[in-house]
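As they're listed, the protein sequences go chains A and B.
Residues 1 to 117, numbered by the working numbering, are exactly what the first sequence covers, in order.
Residues 118 to 264, numbered by the working numbering, are exactly what the second sequence covers, in order.
No lab work stands behind these hints: they were computed from the structure.
Bear in mind that the values here come from a model prediction, so they are computed numbers and not experimental data.
We treat Cβ as the ideally placed atom computed from N, Cα and C, and that holds for glycine.
Treat the hints with caution; some may be incorrect.
Pair by pair, the computed Cβ-Cβ distance ranges are [as the list claims (entries may be wrong)]: (1) 187/B - 117/A: 53 to 61 Å; (2) 88/A - 244/B: 32 to 40 Å; (3) 189/B - 19/A: 20 to 28 Å; (4) 152/B - 113/A: 40 to 48 Å; (5) 94/A - 193/B: 40 to 48 Å; (6) 93/A - 223/B: 26 to 34 Å; (7) 187/B - 105/A: 26 to 34 Å; (8) 128/B - 93/A: 32 to 40 Å.
Simulated coverage check for chain A against chain B, where a stretch passes if three residues somewhere in it have a Cβ under 8 Å from a Cβ of chain B [stated by the list, open to error]: (9) 27-35; (10) 99-105.
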Amino acid sequence: MNWLLVVAGGAVGAPLRYLADRAARARFGPGFPWGTFLVNVAGSFLLGLLTGVASVHVHLLLGTGLCGALTTYSTFSYETLKLYEDGEKGYAVRNVAASLAAGLGAVWLGVRAAGLL
Amino acid sequence: MRLRAEPPVVGAVAAGGALGATARYGAGLLWPTPHGAFPWTTFTVNVTGCALLGVLMVLLTERSTEWSTAVPHPLLRPFLGTGFCGGFTTFSTYGLETERLLSGGDPTRGLLYLGGTVVTALAAVLAGVTAARAVRARTGRGRVGRA
Chain A
1 MNWLLVVAGG AVGAPLRYLA DRAARARFGP GFPWGTFLVN VAGSFLLGLL
51 TGVASVHVHL LLGTGLCGAL TTYSTFSYET LKLYEDGEKG YAVRNVAASL
101 AAGLGAVWLG VRAAGLL
Chain B
118 MRLRAEPPVV GAVAAGGALG ATARYGAGLL WPTPHGAFPW TTFTVNVTGC
168 ALLGVLMVLL TERSTEWSTA VPHPLLRPFL GTGFCGGFTT FSTYGLETER
218 LLSGGDPTRG LLYLGGTVVT ALAAVLAGVT AARAVRARTG RGRVGRA
């Protein structure tokens, strides 16, 4: 049961990230990796919010599965490396700084919002 | 650019993502992180996934046509890269674990985790890309030499 919840969450989270990335590329162009940035921030906020939920099953489905697969560290790192290799060093540095700051800020907001609910 | 997503690609991403998330969940069960400790499991999962994606992206997207005409299956990248590596690694858990350490009275460990992960993950993706390119260059020369 627990494994199935993680499988289900992961099977939804990863394609959501893929579709968000495609939408962001269509909207903002290929320069800055807005898609990965936005899903990482949104998933971090949602995981923060989930700290207000007690159910282990909800955590496995939406936390470990959905948020875990919606957000990504590997694509974030690879895109940062590609920006650097393509001569966009400023974008590479800003991608790291903005992702860490906004991701951490989003978690913090989510945790505080969960505390208020 | 049209936004119509091909169902096989979305399906490959979903299958890879489910597999990656399950592998990460399994790693957490095998090596649970005690409360307040350095989150070594997420750290290792993220760093490993970064190195793997680095290797994969070279093998799947940087084809040199002069020595090989073999084109990787179009669903390999969505399944292994976007799906598996993307679902295996996680940014949200990393963020929450950092927040827990920072607000849980251990800011030093929190900052070490925050900075240590990003530096090691970037080094891992660079190492993966570099190693795969080196192997490819050697294999490529070998094939040209034999031709």
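Against the structure, the hints come out as follows:
Range check, residue 187/B to residue 117/A: about 54 Å between beta-carbon atoms, so the 53 to 61 Å window is met. Taking 32 to 40 Å as the suggested C-beta distance range, the pair residue 88/A and residue 244/B does not conform, at roughly 21 Å. Between residue 189/B and residue 19/A the beta carbons are some 22 Å apart, a value that agrees with the proposed interval 20 to 28 Å. For residue 152/B paired with residue 113/A, a C-beta distance near 23 Å fails the hint of 40 to 48 Å.
Residue 94/A and residue 193/B have their C-beta atoms about 31 Å apart, which leaves the hinted 40 to 48 Å range violated. A hinted range of 26 to 34 Å for the beta carbons of residue 93/A and residue 223/B is consistent with their spacing of about 27 Å. In this structure the supplied range 26 to 34 Å is violated for residue 187/B paired with residue 105/A, their Cβ-Cβ distance being about 45 Å. Restraint check, residue 128/B to residue 93/A: a C-beta distance of roughly 36 Å satisfies the suggested window 32 to 40 Å.
Residue count for the segment 27-35 of chain A with a Cβ under 8 Å from a Cβ of chain B: 0. That is fewer than the three needed, and the coverage hint is violated. Look at the segment 99-105 of chain A against chain B: 4 of its residues bring a Cβ nearer than 8 Å to a Cβ of that chain, three or more, so the hint holds.
Comparing the model with each earlier hint shows violations of hints 2, 4, 5, 7 and 9; every other hint is respected.
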